[in-house]
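A.B. asks: One letter stands for each residue in the lines below.
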Amino acid sequence: MFKDDTIAAISTPIGEGGIGIIRLSGKDSVSIVEKIFYSPKNKSLEDLPSHKILYGFIKDPLTDEMIDEILVTVMRSPHTYTKEDVVEINCHSGMLPLRKILELVLKEGARLADPGEFTMRAFINGRLDLSQAEAVLDLIRAKTDESRRIAIEQLQGGLSEKITIIRDRLKDLCVNIEAYIDFPEEDIEPATKEEMKKSMEGIKLELLRLLETYKEARFFREGLSIAIVGRPNVGKSSLLNALLRKDRAIVTPLPGTTRDVIEEYLNIRGLPVRIMDTAGIRKVHDIAEREGVKRSLQSIENADLVIAIFDGSEKLCEEDLEVLDKTKDKNALIVINKCDLPHVLDESSIIPYFSSNEHCILCISATRGDGIEELKSSIFNHFLKDWKEGREGVLVTNIRHKIAIENALSSLGRALSGISEYAPIEIIAFEIRDSLDSLGEIIGAITTDDILDSIFKNFCIGK
Amino acid sequence: MYKEGDYDIIVIGAGHAGCEAALASARLGFSTCLFTINLDTIAQMSCNPAIGGLAKGHLVREIDALGGEMAKVTDKAGIQFRMLNMSKGPAVWSLRAQADRVLYRLSMRYVLESQKNLKIKQTSVEKIIVEDGKAKGVITSLGIFYGARAIIVTTGTFLKGLVHIGLETFPAGRAGEFPSVGLSDSLREHGLKTGRFKTCTPPRLDAKTIDFSKTVPQWGDDPPPPFSHSTEKITNPQLPCYLTYTNNETHKIIFDNLERSSIYSGRVKGTGPRYCPSIEDKVTMFPERQRHQVFLEPEGLETKEYYANGIFTSLPYDMQVSLIRTISGLEEAEIMRPGYAIEYDFVFPTQLKHSLETKTIDGLFLAGQINGTSGYEEAATQGLIAGINACLKLQGREPLVLGRHEAYIGVLIDDLITKGTNEPYRMFTSRAEYRLLLRHDNADLRLMDKGYEIGLLERSVYEKFQEKKKLIDEELLRLKKTRVRLNEAEKNESLEQILKRPGINYQFIERHSPPNKQLSEEIKKEVEIQVKYEGYIQRQMEMAERLKKIEDKKIPKDFNYTSVNGLSKEILSKLQEVKPVNLGQASRIPGITPPAISLLLVAIERLKKERGKSQ
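Chains as they are written, first to last, in our numbering: chain A, 1 to 463; chain B, 1 to 615.
A hint or two may mislead.
Here are the computed lysine to any residue pairs in the SDA-like style, where the Cα-Cα straight-line distance is at most 20 Å [unchecked claim]: (1) B:569 x A:51; (2) B:419 x A:450; (3) A:457 x B:291; (4) B:548 x A:51; (5) B:116 x B:452.
Partial list, computed: chain A residues near chain B (C-beta under 8 Å) [claimed, not checked]: (6) 184; (7) 360; (8) 430.
According to the in silico footprint, chain A covers these stretches of chain B (three or more CB under 8 Å from chain A) [said to hold, decoys possible]: (9) 82-96; (10) 269-276; (11) 288-297; (12) 421-434.
It should be emphasised that the hints constitute simulated quantities derived from the structure, not laboratory data. The C-beta atom is built at its ideal place from N, Cα and C for all residues, glycine as well.
All chains, please: the whole structure from these sequences, using the hints.
C.D. replies: Here it is, written out as structure tokens:
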């Protein structure tokens, strides 16, 4: 059970947020990170005192490519969580740097940690007893949620600002009502029903607009999946590599080299994309290959978008027609590969398969990298036609935030119908405070003292 | 040293808190001694001659439901009763009474003096004796020792009290009375930390010199509704208050003389309440206001003295005279007593447990204004709870701790000991997250069972209450079960469903389908409220239920917060200061974040498992 090798893992959730952490534990932690660490001031991790932070970059030792700007913390045994040497790399989040850095440390000798393995090590090394270990596992869950929250707020920037503005408007209304309730003998002019209604309708509209963005942001939040399909040897793996700009899948001229579905991750202008290179779709006899084809079909079924790839240097063959048949009802992009070779394929025989005009045809050369950027743009635009980079406005991307806004809206709705039904003012106040509390959950604000503060600021209370 | 006697419980101070504490203690069968600096000012209303008002009225009703005295005495001394907020819903209705100041204190004194087990002594307590962390007794200014098993300190504004009128200052407990000087040092010597608050009072005027025809009279309700559940009828003659206003001329006088105000000249160091600002504050903070209300309130039936509510001030005497005389109706008014500001020591209430016992000194309880509150009702409430809990402690029983969903008392004490306060704390309905549950009308339904169980609520009152409760339940059941069709066009519906409709009241139901028994107006109203509010009451109950889960996570008394990794220094120091009894209370401490609560939860669960194993 106990191995004394060095383990590594991404310890923050993938795909969202501003901070990513890669953690290593084990005796080689420092030397492994040292190999990929570049300090502009020529500092060395080996010389760094325990529990200190050093600024620098992660670079790929083979290509000297700078991967990310980072902070490294070195914590030496035994005063660490696992009682082993621990190194934490704080980098920018997003799939690309995190995965790349993890790959580098794995390449340099670390092993990918099993879930909970850091805590298990702490337990095994006598730092925690089993019940403590259990408790800490719970805590890790709690912590992850929290870092997710922080990360998301950083990504979104404006959301808490926006919520604060909306909430302040609601609070103003609430303050007026509360002052009217608590200080009946002061000269306080209550808001009229019409004023309250108007104000609440306005707030409701703003919240609805925010809620709309949740749908829009789904792809940013959850990422999307793309399946690359095509007959064997049409260049699927080359395309994948071209998209990733690295050799990930094994590429040979032999048909059927890719027997399983290979998943890779890609980041197109912040849009997390899971891209699946499927086994070729063709008639097979080999059981393993048949399984591969089955999985390919499954991937097509599940994908948000299918890239159907054809060989431009050859005529459409029966297997290509099979591919067309499988993809015709799908959300698909048509890619003609090998456009560096003489063009033979007759595209007009493809077009009839796709009734809608949304299927555009792109010519690329996966090996030369021609047309790859255009393909990426097409993918992006396919999902976010109206998306403009750096556009104004705020996105709701977190399910917790979405639920909070929905709750705030239903309380507001009840407050509004309360007004129409002549409900007593404290009932209206109850619903509005409910709504304020829901919005407060997003930004961590508390209501009661807030309201009293505003009452004393806005009204001259003095009997 | 002369030793005069040993008591179960000693109460220091005979204000609103002290009276309730001493009565509770004596009524529960404990030998009690109540010390006061001045026998003639027992239960003195030091500020406005009124009891109740929003949220405060709720507190008075709760005191009554638990078996306290304030409501009954107010009914005896009240000269105007008004249910406030009648244009709003029943959860925020609240009774307020103008009381005859002299009648009030004499009525309370009579109750105290008639009480078995209770001795009352005029003397100033200078020292509290603590041995091995336990309160043992007190020493008076004459050097006499009195032993006790529990001590309740209810000294109000008397601790190092300092009165300011303009730039004049003199030590006083309130105008015209000796302060308590030694006692607050004694508390500090025992390790309690104190702060300084201030509060302001208005001038009192001679009715002979007021032209009431230039003011608007405000009468109370007719018939006057009583505070106490056991009062049948208010018998005092009723008087009006009179409303007039300040004007620009008044404001100009204040503006031009700010440097002569003790508050604005920086001489008063204590923090004052924002809800009760001095007139100096009002005109500087709200310069756009053309006028401020002034309520002229009668001080009693047998006096011409009127309380000028709204003009709280610490301006010098001559300025008070000039500014008063700018006000309509007061052009020739004579000041009988000037307004003044008073500064006093209070004990930071986060040093208390929910029972109002100090965390560090066993058997020492604090109640009332000494805990940083303001108001007679807030004080009386704490006195009652401290009195009850001192008794329960001596009986070896669990303290009475009311939940935030059960009573305004619960909100008050939980706020004080959890959040502390940075101004004199007054109750507001907006402080209660369960406002729809904590109504004026249902104080008895919420608390009488508890009052009776403790032994304070009289049997006859409790039996009457049970009868009322039975009738309410029967009527609610009848409304649920009786189905009618109002007219041909409508479908068959229960009376309950019909009563829930907007615009339908109980009188409508009664006309259509009268109950089998004659029901009192009180019961009819209660039934109507419970039916109409049912959905909201339900929702608030569910909220309380959800919170209960986290309230049930107790934090061991000896819990070591430094053992929890990952708490920030700020959070750690707050937790160590408040020492919350459960995670619910911890979560209400300002600045405590949800992740900190998760960390605490994990650490507590871990400790539990470890202790479970080792046993």
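A.B. asks: Taking a Cβ-Cβ distance under 8 Å as contact, does the segment 421-434 of chain B have three or more residues in contact with chain A?
C.D. replies: holds (count 5)
A.B. asks: Any CB of chain B closer than 8 Å to the CB of residue 360 (chain A)?
C.D. replies: For residue 360 (chain A), the interface hint is violated, since the closest Cβ of chain B sits about 48 Å away, which is over 8 Å.
A.B. asks: Starting from residue 419 (chain B), check that the Cα of residue 450 (chain A) is at most 20 Å away, please.
C.D. replies: Since the Cα atoms of residue 419 (chain B) and residue 450 (chain A) sit roughly 14 Å apart, the hinted pair holds (cutoff 20 Å).
A.B. asks: Do three or more residues from the segment 82-96 of chain B put their C-beta atoms closer than 8 Å to C-beta atoms of chain A?
C.D. replies: holds (count 7)
A.B. asks: Taking only the CA atoms, is the gap from residue 116 (chain B) to residue 452 (chain B) under or equal to 20 Å?
C.D. replies: Holds: residue 116 (chain B) and residue 452 (chain B) sit about 19 Å apart, inside 20 Å.
A.B. asks: Hey, residue 457 (chain A) versus residue 291 (chain B), does the alpha-carbon distance stay inside 20 Å?
C.D. replies: Holds, at roughly 17 Å.
A.B. asks: For the pair we were handed, residue 548 (chain B) and residue 51 (chain A), check the Cα-Cα distance against 20 Å.
C.D. replies: Outside the cut-off at roughly 41 Å; violated.
A.B. asks: Was the hint right that residue 430 (chain A) lines chain B, CB cutoff 8 Å?
C.D. replies: holds (6 Å)
A.B. asks: Confirm or reject the coverage of the segment 288-297 of chain B by chain A under the rule of 3 or more residues with a beta carbon closer than 8 Å to the chain's beta carbons.
C.D. replies: holds (count 4)
A.B. asks: Given the hinted pair residue 569 (chain B) and residue 51 (chain A), is their Cα-Cα distance within 20 Å?
C.D. replies: Given that 20 Å is the threshold and the Cα spacing comes to 18 Å, the pair holds.
A.B. asks: Regarding the hint that residue 184 (chain A) lies at the interface with chain B, is the smallest CB-CB distance below 8 Å?
C.D. replies: Because about 5 Å separates residue 184 (chain A) from the closest Cβ in chain B, which is inside the 8 Å limit, the hint holds.
A.B. asks: Three residues minimum, CB to CB under 8 Å: does the segment 269-276 of chain B make the cut for coverage by chain A? Let me know.
C.D. replies: n = 3 at 8 Å, threshold three: holds.
Going through the hint list in order, the structure does not satisfy hints 4, 7.
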